[in-house]
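K.L.:
Given only the sequences and the hints, what does the whole structure look like? Please build it.
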Amino acid sequence: MQTTLPKQPVTRPAPRLVPTQPVTLTINGTPHQLQLAPWTSLLDALREYAHLTGTKKGCDHGQCGACTVLVNGKRINSCLTLAVMKEGDDIQTIEGLATGDPANPENLHPMQRAFIEHDAYQCGYCTPGQICSAVGLMNEGHAKSRSDIQELMSGNICRCGAYPHITDAIQEVMQQTPKNA
Amino acid sequence: MNSFSYSRPDNVNAAVSEISGQKQAKFIAGGTNLLDLMKENVEHPHHLIDINHLPPGFIDELPEGGLRLGALVTNADTAYHELVKKNYPLLSMAILAGASPQLRNMATNGGNLFQRTRCYYFYDTATPCNKREPGSGCGALTGYNRIHAILGTASSGDTPQCIATHPSDMCVALRALDAVVRVSGPNGERTVPIADFHRLPGDEPQRDNTIEPDELVTAIDLPQEHFNTHYTYLKLRDRASYAFALVSVAVALRLDEGGQIAEARIALGGVAHKPWRNPAAEALLTGKTAGETLFRQVAEQLLDGAQGYGNNTFKIELAKRAIVRALELAYAGSTQADDAYNQEDIL
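Chain order of the listed sequences is R and P. -10 is the number of the first residue of the first sequence in the working numbering; add one for each residue after it. 550 is the number of the first residue of the second sequence in the working numbering; add one for each residue after it.
I should point out that these hints are in silico values taken from the structure, not numbers from a laboratory. Positions of the beta carbon are idealized from the N, C-alpha and C atoms, including for glycine. Careful, some of the hints might be misleading.
[Stated by the list, open to error] Taking lysine-lysine and the DSSO-like style, the derived pairs with C-alpha atoms no more than 30 Å apart in a straight line are: (1) R:46 x P:634; (2) P:575 x P:837; (3) P:635 x R:133; (4) P:634 x R:133.
[Unchecked claim] Over the 10 Å line for every Cβ pair with chain R, so calculated as not near, a few chain P residues: (5) 587; (6) 599; (7) 649; (8) 737; (9) 740; (10) 845; (11) 881.
[Stated by the list, open to error] Some, not all, of what chain P presents toward chain R, calculated at C-beta under 7 Å: (12) 552; (13) 554; (14) 555; (15) 580; (16) 581; (17) 586; (18) 650; (19) 654; (20) 787; (21) 790.
P.N.:
Following this line, the structure appears as structure tokens:
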């Protein structure tokens, strides 16, 4: 197939670039001063600017849940929010769940330990989002049954199909947690 | 995503005056739909006005007995609010049937009203779409139209200009409950009944609703009538959770002491450019008791004039059966279609 190139370059209006602006994000209790364009998603800010790559980019359209983080204790899709909109909020990522050195299993969040014990993953790509989502589910306190857990985890896709083990892990942590905690 | 500037006003008047006259500006609240459409290059605003720093909305009881839902309250906080659960369980049920927990934690009540269609052709900028680009044609009409509208698609020409559906679950319940939307604009406040908020495509499919670009939704008012005993939201979709409706039915019934239907409200989702109601169909139920033959008559009346476009023709019969089932569930007062499934309490 022959490609015909235009004889003269097509002139388009220059892209209107908006300057970056300072944005302070509080991530896992630590303020991060970043220089961001307004269109930088929270997900990209975490991964590319704060260099916290535990949060994963799956679909980038809010359909898979791999990018789930906790903002003020509530789980959200970090791909569908702008970083600049989260100034002043308390952002928690998978890196912030352990208390102390995560190399020591004792320091892991109970949900992280349960995921390991129940083998609740295969490839592990969706796992940070699954765990953050499960912690959000616990914070919300609306799940009362195994089927509730399944319904309220429906925003997190696992293409390896580890769903039964993921549900087991969450169920165990919920059973171990005092109801008023 | 295109380049844009960003601002963060702290009051309604400042937000409205900032957007007035700026054709390329948009409000952003939860952002779950707008940012997705911007990534797809369907929406490309030059300026975003972040309204999350306006005075926070609350859920408040109205003096005359209704409930006011702040536009900035999230869908999750609304669905789980004690007064909504107690007095307007149909609304809770509809909200929780939509999206995922993460999205419901972000999406706001005001934003939900402005959700845009999930028509594949609207999203795909390589195909024609009269909604995205007026006059370019409709890819869905002769394309793959499994999820598309079967009601209210007429235009002045021979063929419809747009067969997109409205994607919201919340709005279907609001339509059944006769909610009223409060809007602020350059000329002050006005109220819009939910029936007049969304519109049919007609010859202007690019317009989803009757709200002007420089107007801002501040609250949704629910009238006093609760419908908290005989109601249901039945949603049929391709998977059990986290999918848009092929057909959904919101039913709210008021029964008199003898078990006769004193008032019936039926709103359909997934079948038209706006949540669909038909007063003539609802009137068939007044003064009657339950019966499958009657319910089927109501369903036939509701689908009067329905038209399929090939892949979506199955929706006509699906909708009729869903209406009968939803009426049976609501009349019996067993609102949860999956009651048995949810009963095991292991925690």
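K.L.:
Does each hint hold? Answer for all of them.
P.N.:
Comparing the hints with the structure gives:
Note on residue 46 of chain R and residue 634 of chain P: the hinted pairing is violated, with a Cα-Cα distance of about 35 Å set against a maximum of 30 Å. Restraint check: the Cα-Cα separation between residue 575 of chain P and residue 837 of chain P comes to about 48 Å, which exceeds 30 Å; the hinted pair is violated. A hinted pair counts as satisfied when its Cα atoms are at most 30 Å apart, and residue 635 of chain P with residue 133 of chain R qualifies at roughly 18 Å. Annotation: proposed proximity of residue 634 of chain P to residue 133 of chain R holds, straight-line Cα distance about 16 Å (limit 30 Å).
The beta carbon of residue 587 of chain P is not kept farther than 10 Å from every beta carbon of chain R, the shortest such distance being approximately 8 Å. Chain R draws residue 599 of chain P into its interface by the beta-carbon criterion, the shortest separation being 6 Å against a cut-off of 10 Å. A Cβ of chain R approaches the Cβ of residue 649 of chain P within 10 Å, the least distance being about 3 Å, so the stated non-interface status is violated. Separation of residue 737 of chain P from chain R is adequate, the least Cβ-Cβ distance of about 28 Å exceeding the 10 Å criterion.
For residue 740 of chain P, the shortest C-beta to C-beta distance to chain R comes to about 29 Å, beyond the 10 Å cut-off, and the non-interface label holds. Against the 10 Å criterion, residue 845 of chain P stays outside the reach of chain R, whose nearest CB is about 31 Å from its own CB. The Cβ of residue 881 of chain P lies farther than 10 Å from every Cβ of chain R, with a closest approach of about 22 Å, so its non-interface assignment holds. The criterion of a C-beta within 7 Å of any C-beta in chain R is met by residue 552 of chain P, whose closest approach is roughly 5 Å, and the hint holds.
With a least beta-carbon distance of about 5 Å to chain R, the hint placing residue 554 of chain P at the interface is held under the 7 Å criterion. For residue 555 of chain P, the suggested interface contact is upheld, since its CB lies about 4 Å from the closest CB of chain R, less than 7 Å. Given hint, residue 580 of chain P at the interface with chain R, holds; its Cβ is 6 Å from that chain's nearest Cβ, closer than 7 Å. Because the smallest distance between the Cβ of residue 581 of chain P and any Cβ of chain R comes to about 5 Å, under 7 Å, the interface hint for this residue holds.
A cut of 7 Å between beta carbons decides the hint on residue 586 of chain P: the least distance to chain R is about 10 Å, and the hint is violated. Below 7 Å, beta-carbon pairs count as interface contacts, and residue 650 of chain P has one with chain R at about 5 Å; its hint therefore holds. Residue-level restraint check for residue 654 of chain P holds (minimum Cβ-Cβ distance to chain R is 5 Å; threshold 7 Å). Hint status for residue 787 of chain P relative to chain R: violated, with the closest Cβ pair at about 13 Å, above 7 Å.
Among the interface hints, the one on residue 790 of chain P holds; its C-beta lies about 4 Å from the nearest C-beta in chain R, closer than the 7 Å criterion.
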